[in-house]
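S.K.: Once you've looked at the hints, dock chain B against the given chain A.
Single-letter residue listing:
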Amino acid sequence: MTYMIMETHLAYAIALDEEGRFLKVANLNYEVGQTVERVYALNETQAIPDLKSKTKVKRKWWLAWVSAAACLALILGTLLPYMLKPIGTVRLRINPDVRLSVNRLNYVTEIEGLNAEGRILCSSLSTSHKKVDQVSDELVRRAVDKGYLKDGGRINLTVESTDRRWKMATEEMLLFEFKIYADEMGVDIIARDTETEHESNDPHPRVTVPLAPTESEQKADYLPTSDGDIEDDDEVDEPHDEVPDDDHEESPDDVNCDRDDEDERDADEDDHAEDDPSDDDSNEDDDDEVDSDSEDDD
Amino acid sequence: MKDEHKLVAMVEAAKVDDEAADDLLRQYLPFIKAEMAKFMRRLPYAGRDDDLSIAMFAFYEAALAYDKRKGAFLSFAATAIRRRLIDFNRKEQRHMNVDSLDAPVSGSETNECTHLDRIASEQNDGEIRAERSAAKAEIETFATVLARYGLTLREVADNSPKQRRTLDACHEALAVARAHPDILLEVERTGKIPLKRVVGLSGVSRKTLERHRNYLLAVFLAYTNGFDIIRHHLQQVAPRKEGQRA
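Going down the list, the protein sequences come from chains A and B.
Just so we're on the same page, my numbering is the position in the first sequence counted from 1, plus 263.
Just so we're on the same page, my numbering is the position in the second sequence counted from 1, plus 40.
In isolation and in its complexed conformation, chain A is listed as follows:
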């Protein structure tokens, strides 16, 4: 290829190649009309003074994005650990005993089976990125599937946290969550404040009234039939849901359909400390059925 020099300037020259291209080239002391074999032409990309930005215009506003990202990182860096650390635990006891650790965002951070059945219930249950209501529901559903929770069974729910507001909100949420089981299966949902060991050892889910002994006996006094006890149980149950556990003495004193008679028989023979003035009042109403208290005292 040969090039004919068409024009010269201090900064450059214009050469015409054999194919008709007019090129800006370095002026190596050329003369117009000269023909040369080799030229140093402008780089293709720079040939046309195109003022459209070819380069990193972005460099400047890029910085704005970087600082925004840094701020966000800082905020998240402080906020996130706070939000993600466990704030409390939720313990579910049917028969299986399971404890969930929950963070402020209500996501389950850890799940632990506290007894053998609990561990079975938890096995191969993925809790990653699931909220406490979802995991609790899954656990209960599994308990039903595996036969741990039957019709008329009970779920004991214990929510613990240093944050009282979270505790109450979570309790409420889960009670609502489990309502469907209560409605469809007649399952009791009991919320407790402290975890009582003996309850979790009980292998038989049952409908029970966690009543204090005195009260049950008092009720028994003025009810016409022993069946009435059960009805009363239902009434008594509700207020007890909100009352701390401490008032309930359960195992030995639980009033059960099966054990009613036994209790009464016990009541006959034992020396009760409940022999207080209030008894006399109840005795006035109905002496017929239960006369053991008043008459058989020592």
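Mixed in with the good hints there might be a few duds.
[What the hints assert, rightly or not] Distance condition first, Cα-Cα at most 27 Å in a straight line; then the derived DSS-like pairs of lysine-lysine: (1) Lys323/A x Lys110/B; (2) Lys394/A x Lys430/A; (3) Lys108/B x Lys323/A; (4) Lys323/A x Lys46/B; (5) Lys202/B x Lys131/B; (6) Lys176/B x Lys202/B; (7) Lys55/B x Lys232/B; (8) Lys323/A x Lys202/B; (9) Lys323/A x Lys232/B.
Hints were generated in silico from the structure; no laboratory data involved.
M.R.: Only chain B this time, still in chain A's reference frame:
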């Protein structure tokens, strides 16, 4: 800061105006020489005239490519100068190798011209000088003709097709014009190319022709009367195209 603004203004002017470009260069010649000196110190061989020309050209290139959002012009120009000098010297080093006299001249695309031929032809200085002089006169006339139609060679160079595809398209258009002298006459008369007719006859896209309007005008004009030397130089442009057209 004011100096920087002034410089940027000069650079912008140099993009479109040759006089401004020359002025800019003259003003910053010391800078260019200094950059060159920095570079030369690193080179084993130095002192070629061409290096300064290359450095000046690099500076000009930088001015054409400069975008004020890229930062300071002078640092941009310094980089361009350095890059060009490296590139030039690498190429020159290749060509500095001693060749046999009968070997083809390196850098030439035809293998027929040997060093011997070259030396022989260069002995005929007088002839060459005469040829060059004639070419110069023709080219100057050509530039005058272009100026009559509001064109400068710089604008033509800027508008020149760079890609193979577009160059070929322009060749097609030229072939059509050469085959229909009335088209050339019209161009000469009006200073405008009858695009519709050319598109119709050549099959080239109108958009391509419009995009290279200035270039095409210059080339068409070169094929009107009086520009034999230029046409002779453009031997690779037209002939084969005519044979290929359906």
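S.K.: Now look at each hint and say whether the structure bears it out.
M.R.: Evaluation of the provided hints:
1. Lys323/A x Lys110/B: 10 Å, holds
2. Lys394/A x Lys430/A: Distance of about 15 Å is within 27 Å: holds.
3. Lys108/B x Lys323/A: 13 Å, holds
4. Lys323/A x Lys46/B: Roughly 23 Å separates the two Cα atoms, so the pair holds.
5. Lys202/B x Lys131/B: At roughly 22 Å apart (the allowed maximum being 27 Å), Lys131/B and Lys202/B satisfy the hint.
6. Lys176/B x Lys202/B: Roughly 25 Å between the alpha carbons, so the hint for Lys176/B and Lys202/B holds.
7. Lys55/B x Lys232/B: 26 Å, holds
8. Lys323/A x Lys202/B: 33 Å, violated
9. Lys323/A x Lys232/B: With Cα atoms ~45 Å apart, Lys323/A and Lys232/B exceed 27 Å; violated.
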